[in-house]
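Peer 1: So you can see what is in the structure, the chains are spelled out below.
Number of protein chains: 2
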Amino acid sequence: MSADPPTYAIGVDYGTNSVRAVIVDNRNGSEIATAICPYPSGDDGIVTDPVDPNLARQHPGDYIRGLQTAVARAIEIARKVPPFAPQRVVGIGVDTTGSTPLPIDRQGRALGMLPEFRDNLAAQAWLWKDHTAHAEAEEITDRAQRSGAPYLNKCGGAYSSEWYWAKLLHLLRTAPEVAEAAAGWVELADFVPAYLTGNTAPNRIVRGICAAGHKAMYHSSWGGLPAADFLDGLEPGLSRFRYEAKPLPADQLAGHLLPEVAQTVGLPGGIPVAVGAFDAHMGAVGAGCRTGTLVKIIGTSTCDCIVAPLAHEIPDIPGVCGIVPESVLPGMYGIEAGQSAVGDLFNWFTQQLTPPTFAGNGDTHAALSAAAADLAPGASGLLALDWNNGNRTVLVDARLSGLLIGQTLQTTAPEIYRALIEATAFGALTIIQRLEEYGVEVREVVNCGGIAEKNPLVMQIYADVCNRPMRISRSPQTCALGAAIFGAVVGGAHPSVEAAQAQMTGVKAETFEPDPQRAAVYAELFTLYRRLHDAFSANGANRVNSVMKELLALRDRVRHHAAAPAGAAHA
Amino acid sequence: MSADPPTYAIGVDYGTNSVRAVIVDNRNGSEIATAICPYPSGDDGIVTDPVDPNLARQHPGDYIRGLQTAVARAIEIARKVPPFAPQRVVGIGVDTTGSTPLPIDRQGRALGMLPEFRDNLAAQAWLWKDHTAHAEAEEITDRAQRSGAPYLNKCGGAYSSEWYWAKLLHLLRTAPEVAEAAAGWVELADFVPAYLTGNTAPNRIVRGICAAGHKAMYHSSWGGLPAADFLDGLEPGLSRFRYEAKPLPADQLAGHLLPEVAQTVGLPGGIPVAVGAFDAHMGAVGAGCRTGTLVKIIGTSTCDCIVAPLAHEIPDIPGVCGIVPESVLPGMYGIEAGQSAVGDLFNWFTQQLTPPTFAGNGDTHAALSAAAADLAPGASGLLALDWNNGNRTVLVDARLSGLLIGQTLQTTAPEIYRALIEATAFGALTIIQRLEEYGVEVREVVNCGGIAEKNPLVMQIYADVCNRPMRISRSPQTCALGAAIFGAVVGGAHPSVEAAQAQMTGVKAETFEPDPQRAAVYAELFTLYRRLHDAFSANGANRVNSVMKELLALRDRVRHHAAAPAGAAHA
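Protein sequences, first through last, are from chains A and B.
The first sequence maps to residues -19 to 551 in the numbering used here.
The second sequence maps to residues -19 to 551 in the numbering used here.
I should point out that these hints are in silico values taken from the structure, not numbers from a laboratory.
Possibly wrong hints are sitting among the right ones.
[Said to hold, decoys possible] Straight-line Cα separation of at most 20 Å, EDC-like style, residue types lysine to aspartate or glutamate; simulated pairs:
#, chain 1, residue 1, chain 2, residue 2
1, A, LYS529, B, ASP122
2, A, LYS488, A, ASP122
3, B, LYS529, A, ASP514
4, A, LYS529, A, ASP99
5, B, LYS434, B, ASP514
6, B, LYS529, B, GLU11
7, A, LYS226, A, GLU240
8, B, LYS488, B, GLU11
9, B, LYS529, A, ASP122
10, A, LYS529, B, GLU493
11, B, LYS434, B, GLU11
12, A, LYS434, A, GLU11
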């Protein structure tokens, strides 16, 4: 094969703050060109609302302009790496954050890009971490449970405020003008391939099984999406947003690159474009995901993916976000779990609570990590719950919040920073234990993302807490590589995803091995973590379990009261 | 009286980090001269041990040199304020932190000042916030409870690791060479008047009822100090440190100023010196303490004092540090409560966890307070327990630690700073409610200390949380003024403490009134505070109650293991 002239694939990876385009050599996965375009709107690309801390939106125009900028730049860079030529690009794959749905009109244009909706928050894309729909999520869970409908069986038994239908339901109820103008409600992972291929009209968009199965309660065992009467029972008219086409795995074709779009980025038209999927799922593929290998994509939040052969029946796993046939690899169940804040938790601490000693010069994370690395497990007396952004797995509850316990007058910033890292590690172990309780064995862990790459302290703590070796994906941009792998497969460069993985993925030589002494202390700390975890979650059998929720309810009431006009406040 | 030539009194106030001398005009309490001498040893006067965060000691030499420096400077300043002259000083009063006991030899010299013990941590003064004796405190509580001895009835039912006998017991067990050299164990509040008057030998030291009654389980109803067999049952030889003399209230004479000491500070010999007492108790007197008036001395920690007539029997109040006849005012029960960390808690946050935005320039407390003042109660969703230094009242448990709950990725430093202020206010209300449950009415609150003086945000939050007006003592140095009042009384300038208070104390014109709307939100938050308070204290009826203690036990084990020599660690 090495004698053949090389071909290339493009992976386009939509993150929380920027879009990245990578061009890879289909022979070995080496990345010959990368370009990143940060989203210009809002705060690091996120449009927020000072009154409602649950709100996180994105401007769809950022997606389109970011795509053009990043791909065009990557092509320019690759042109200087012979024998690359745009004509040698055989396929394009796309991954995105999710669930990040947005409303579109009859022609498939994003409403947020139309002049009349440019400044309407409801018309923008509803970023994964938008939690405005928490009441609707509870309502969906309640209705499914009361009606005995099976829709939640494959997503852990609870619907999340981060997901497709909860957000749409909230939109219908709070922004009728947007709802009326909307002809479709589409995941970013499907919106981008639609834009690239011109299949943009609501009834022509190719939907991916990844978003449909993990976020929209799609499953063949109940005939696809939830029934119309279930949806209309939540809100009349909600069923208007059901779609009929069968969602496809990402090794299938979404269409071919539209010449008008191709021209804007310096590519020939007609290149095959793969069906879209979520970043974590394609990242798992880019990290070499296979049976027994858990892939952790560690970013602002964390997504965990593992696969299991379709031939073996997987039981419904309480609290696990999704068990969806072919959402990661063809022929396999894709199982997704995750933690709502990991990098975001560390960033929060460096931005809000780090004193000048550590924040003064250069890299705050590096300064805190260096000091935290000198501490022994347990020596701070601190313990944290990693719930500053709610809990995605295994509690599936956005209305939980952070907790820090054990601080004294001597407690230092590096001690708390370490406790936060440990908290995310305990959260990771909670997920691994839940998977194994239900028969999904976790033999090895492959980590991806900037934190896994750059912070050996985090990886060592994960190894010690989980008492398992931690490996690091060879590629520094696993999600984009995974997207490119699907581009390569739809472009015919490899006969299957597994064949492509064998050539194009790998792990680094260095592995973080658990230390038995540290692991023993962490085993003790973990029992305390689980005690707090159980006490403060909804199933805790004591009166502290509701403290977090009552605090959030009081907060929201006070803030909305303060934001109301003076007349209303006195009414 | 104003036609008489004025006389003066000196108040000497030993704080946690410095000693202050104040010279006051006996006609009206006005402070004509003040001088402060910081303790030079250790970290802000506190000698610590990196291995054991419970340890906090002070070098007794700092007390003597600090006394000489501060009084001499105050005299120098006062000399420029006619008609002051050293000959017009009629009395000296002394207040100190406590329980801060130290070992002395047969001549009454502090062991820590002798060359052979200069660097021995056990031979120094054991500062109030030293918690090394937490196991011994539990043991004393256990033994008193099991034996049915009444000794804890007047101090809330639990002995504290901060107190006299627990510290002495720990010393006997861990530093036999110091125990052997010690002929006496004396509170700083008694040590200083002894030094001033020359009555230094263990059998000649005049003991104050304040320290004896509140910290050493002295009460006339069981014949004074605990019986010798009770003490020796804890540790053979402990009873050697009992003393026979009856402790006295602070309006009594400890002796007369020794000429050799007088010379070092520029005073004539022979001036009457009052019996010593604790800073909070004399501070309460300086703030105008009387029936129905709770005085809060807000410093690094907080001491609350209130009095009730001896004629009315006061029931034992669970968790209240002490109910001691005449410990504050003659003819009254003195009732003491307190919070282990208030200013210390705010200082911890500014020093360890405040980002450059607020810590960069000038006064960090002012910057955080300004931002925190803009927040509405409840709007942050945060709630803290104020236990970073344990809980003094009503739980009497040094082995509790801090807790912060409700943080999200948007949580800011001023929000946490405000939550910490609120936590101390909730702790203050817990004390007020406990007093009132047992028949001690709290009609008004007078606050003293730098925080009460300088931080209107803290006072407004206290008013809103406690739903009572907060008044501020007129004097900025209430403790030293209280000490001077006792000096004035023993010097004959006033016939009684009450008469002196009427002339020499007062409150400021500005009062912080509770706002009904804010008070209503705080009433809701307080129910949540109490839920966490009860869940995490020893009596909580669920499995979270021991998490704090298990974390501290693990911390101590890990740290001691790490500090052990390598050979021992592998043994």
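Peer 1: Any of the earlier hints contradicted here, and which numbers?
Peer 2: 1, 2, 4, 5, 6, 7, 9, 10
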